[in-house]
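Please put together the full structure from these sequences, using the hints given.
In numbering that gives the first Met the number 0, the protein residues as written are 0 to 142.
There's no promise every hint is true.
[To be verified] The calculated lysine to aspartate or glutamate pairs, modelled on DMTMM-like cross-linking and capped at a C-alpha distance of 20 Å, are: (1) Lys-100 <-> Glu-45; (2) Lys-129 <-> Glu-87; (3) Lys-35 <-> Asp-18; (4) Lys-35 <-> Asp-104; (5) Lys-35 <-> Glu-45; (6) Lys-35 <-> Asp-90; (7) Lys-113 <-> Asp-82; (8) Lys-35 <-> Asp-78; (9) Lys-129 <-> Glu-114; (10) Lys-129 <-> Glu-99; (11) Lys-35 <-> Glu-87; (12) Lys-113 <-> Asp-78; (13) Lys-35 <-> Asp-82; (14) Lys-129 <-> Asp-104; (15) Lys-113 <-> Asp-32; (16) Lys-35 <-> Asp-65; (17) Lys-129 <-> Asp-75; (18) Lys-100 <-> Asp-75; (19) Lys-113 <-> Glu-87; (20) Lys-35 <-> Glu-15; (21) Lys-35 <-> Asp-75; (22) Lys-100 <-> Glu-56.
Simulated from the structure, these hints should not be mistaken for lab results.
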Amino acid sequence: MPLLGLGTWAAQPGGETRDAVAFALETGYRHIDTAKMYGNEQDVGEAVRQSSIPRQEIFVTTKLWDSDQGYQTAHDAFDRSMDQLGLEYIDLYLIHWPVEKLRNDSWRALNNIKESGRTRSIGVSNFSHKHLQELYSIQIYSL
0 MPLLGLGTWA
10 AQPGGETRDA
20 VAFALETGYR
30 HIDTAKMYGN
40 EQDVGEAVRQ
50 SSIPRQEIFV
60 TTKLWDSDQG
70 YQTAHDAFDR
80 SMDQLGLEYI
90 DLYLIHWPVE
100 KLRNDSWRAL
110 NNIKESGRTR
120 SIGVSNFSHK
130 HLQELYSIQI
140 YSL
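The following block contains the structure:
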């Protein structure tokens, strides 16, 4: 994972995101962070695909949004993110926020997605120590 990355949270969908990602890649950035909630996955994917930089040199992170948590809904959300990005794989897929009563099933889904090879790494964002302990206690993890 590259140390320096471009976050696209505040970038407006459309040309702003596409141009920002293209410029970042041209100037040496190799990690692009997006999320379903940002509404700009399609633009990020387009900029990555149009870049002259080989895909394997670009690290793309996206995230599972709260309303998509749960086992099957996480799988479905991942498929939609893949469609929006238009990439063959995602480098890192994160659970964006810990949603009560759904985060463990979401984590199981992410492990399954990782095992399928469609994402190279999985993780969590905004989880507390308590939430991480829960993931360890269910003994399904790829940390």
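Taking each numbered hint in turn, which are not upheld by the structure, reported in ascending numerical order? Of the numbered hints, 1, 2, 9, 17, 22 do not hold.
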